[in-house]
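Asker: Next come the chains, spelled out residue by residue.
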Amino acid sequence: MIPRYQKIIFGLLLAASVVMGVTLWHLRQRAHERLIVGQDSSPTSAPQIAPSEQATLLVANDSDGSMLTQVLSLPLPTDPGARARSVLGKLLDLYAAPDAAHSVSGGAGSVIQVFLLPAASLGPAPAKPKLEASRTVIILSGESSATPPGTQSQQFGPQLAVVNLSGAFAANHPSGIETEMLTVLSICATLHANLPRVTQVRFLVDGTQRATLAGHADLTRTYLAADAMPAEEIRP
Amino acid sequence: MVVSGVAVAPVAGQQAPPAPQARFVVVLDAAHGGDETGGRLADSQFEKTFTLALTMRLRSLLGARGIQVVTTRESDAAVAPERRAEIANHAAAQACLSLHASESGSGIHLFVSSLAPVQPVRFPAWKTAQGASVSRSLKLAGVVNSALLQAGISTTLARTTLPVVDSMSCPAVAVEIAPERSALHETTAGLGDPDYQARVAAALAAALVEWRTEAHQP
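Top line first, the protein sequences correspond to chains X and W. Position in the first sequence (from 1) plus 112 gives the number in my numbering. Position in the second sequence (from 1) plus 20 gives the number in my numbering.
Please note that the accuracy of each hint is not assured.
[What the hints assert, rightly or not] Pairwise CB distance ranges, derived in the manner of DEER restraints:
id : chain 1 : residue 1 : chain 2 : residue 2 : range
1  : W       : His110    : X       : Thr168    : 44 to 52 Å
2  : X       : Pro210    : W       : Ser202    : 15 to 23 Å
3  : X       : Thr181    : W       : Val141    : 38 to 46 Å
4  : W       : Val45     : X       : Phe268    : 50 to 58 Å
5  : X       : Phe268    : W       : Ala97     : 34 to 42 Å
6  : X       : Trp137    : W       : Ala97     : 34 to 42 Å
[To be verified] To be clear about the criterion: a stretch of chain W counts as covered by chain X if any three or more of its residues have a C-beta under 8 Å from a C-beta of chain X, and this derived list gives those stretches:
id : region
7  : 58-68
8  : 180-191
9  : 195-203
[Said to hold, decoys possible] Not close to chain W: a few residues of chain X, all C-beta gaps over 10 Å, as computed:
id : residue
10 : Ile289
11 : Met293
12 : Leu307
13 : His328
If you're looking for bench data, these hints aren't it; they were derived computationally from the structure. We treat Cβ as the ideally placed atom computed from N, Cα and C, and that holds for glycine.
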């Protein structure tokens with residue numbers, strides 16, 4: 113026969129265990145939610161309340177190595193960095209579609225951030241990309257600016273866009289000179305078409321410099337956005 | 021002409037011996053190798069294996085036509101990009117082909133350096149050495165393009181930045197072989213198709229023979 117006081121103690125301990133378990137689960141959920149919010153506080157897509165505007169996308173086509181202009185109506189944020197990210201996100205969404213002419217998986221989430229910085233001068237209008245530019249030092253805090261903040265050059269001058277892509281996007285990108293160059297050039301051309309002040313583009317993968325996109329396209333250099341426009345292509 | 025210290029005048033009516041033909045060297049760069057596998061192709065082989073096999077086939081075809089060939093690798097070994105350019109520049113070649121393969125796109129993709137043409141200098145910068153040869157590289161790409169079209173292989177021609185090619189001082193073209201596809205995007209000849217490989221190699225060899233002929237013209 114179990115004494116009464118032992119039954120009461122057992123009941124209290126059982127109740128305490130259940131309460132502690134529920135509390136622990138609740139705290140874990142809250143911590144998880146906090147972590148998710150902290151991981152990516154920047155907008156992942158354009159807010160739907162933004163007015164729709166026309167965005168010009170330069171969409172690559174693997175079959176003939178061309179880029180076609182596609183004009184879409186998209187809700188675009190006013191902040192240039194978020195705007196650039198939204199436009200590139202839409203471009204990569206098109207590439208992730210099942211029937212894409214230039215098939216690359218990943219979609220909009222592959223563009224982690226786009227930083228816009230005052231562009232360093234590359235000298236008098238080079239006809240083609242200059243390798244000297246690959247030595248440009250990028251400091252994401254903006255300390256690399258040769259012009260003091262707030263000056264006219266910074267407000268209205270040419271800009272360098274630093275596109276931070278996800279590692280998964282680079283890892284899953286098809287390998288090949290043409291397909292990688294088409295991705296890089298269509299990103300550069302789309303940025304320039306929607307943000308004309310963007311004259312130079314650099315790439316990071318997961319926040320760090322990477323030699324190539326998938327074994328071929330050089331990601332260590334600065335791309336001149338104007339040179340990426342389709343008019344620069346050579347046709348046989 | 022001086023023979024054993026005695027001056028000998030050429031005999032009247034005797035024809036002078038033909039001038040020896042200038043040395044013609046081609047550099048074949050099989051992209052990737054070793055740990056750097058390159059892309060994975062549809063038939064589960066790596067790009068490095070395909071490019072090496074094509075290089076060996078092309079070397080045989082060119083050797084049979086009397087063209088001296090220098091390769092950047094002849095086994096599954098990793099070769100640094102700088103070393104590849106170094107080999108090409110030491111060979112003082114008249115043509116350099118960097119061979120690649122991809123499952124994306126259709127036909128053959130030809131790439132010439134996007135560097136702006138510059139006047140040749142005695143000591144060019146390593147990363148922009150191709151600048152002095154870009155004009156000739158474009159001509160070489162045109163010859164390769166014609167030969168491929170004659171062989172019934174579709175081509176695209178573009179300019180890009182490839183560190184290996186940009187550091188080469190010879191006329192250089194990057195050749196990327198992709199499967200042949202119809203207008204409906206159906207593969208008509210895959211990279212593993214021996215007939216397609218043979219046609220590509222034969223067309224590239226014909227282009228280099230044509231390039232040699234043009235190079236030897238006054």
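Asker: Would you mind marking each hint as holding or not holding in the structure?
Answerer: Going through the hints against the structure:
1. His110/W / Thr168/X: 44 to 52 Å: 47 Å, holds
2. Pro210/X / Ser202/W: 15 to 23 Å: 20 Å, holds
3. Thr181/X / Val141/W: 38 to 46 Å: 40 Å Cβ-Cβ, so the 38 to 46 Å window holds.
4. Val45/W / Phe268/X: 50 to 58 Å: 53 Å, holds
5. Phe268/X / Ala97/W: 34 to 42 Å: 53 Å, violated
6. Trp137/X / Ala97/W: 34 to 42 Å: 56 Å, violated
7. 58-68: holds (count 4)
8. 180-191: With 5 residues close enough to chain X, the hint holds.
9. 195-203: holds (count 3)
10. Ile289: 5 Å, violated
11. Met293: 5 Å, violated
12. Leu307: For Leu307/X, whose nearest Cβ neighbour in chain W is about 23 Å away, the distance exceeds 10 Å, so it holds.
13. His328: 7 Å, violated
When each numbered hint is compared with the structure, violations occur for hints 5, 6, 10, 11, 13.
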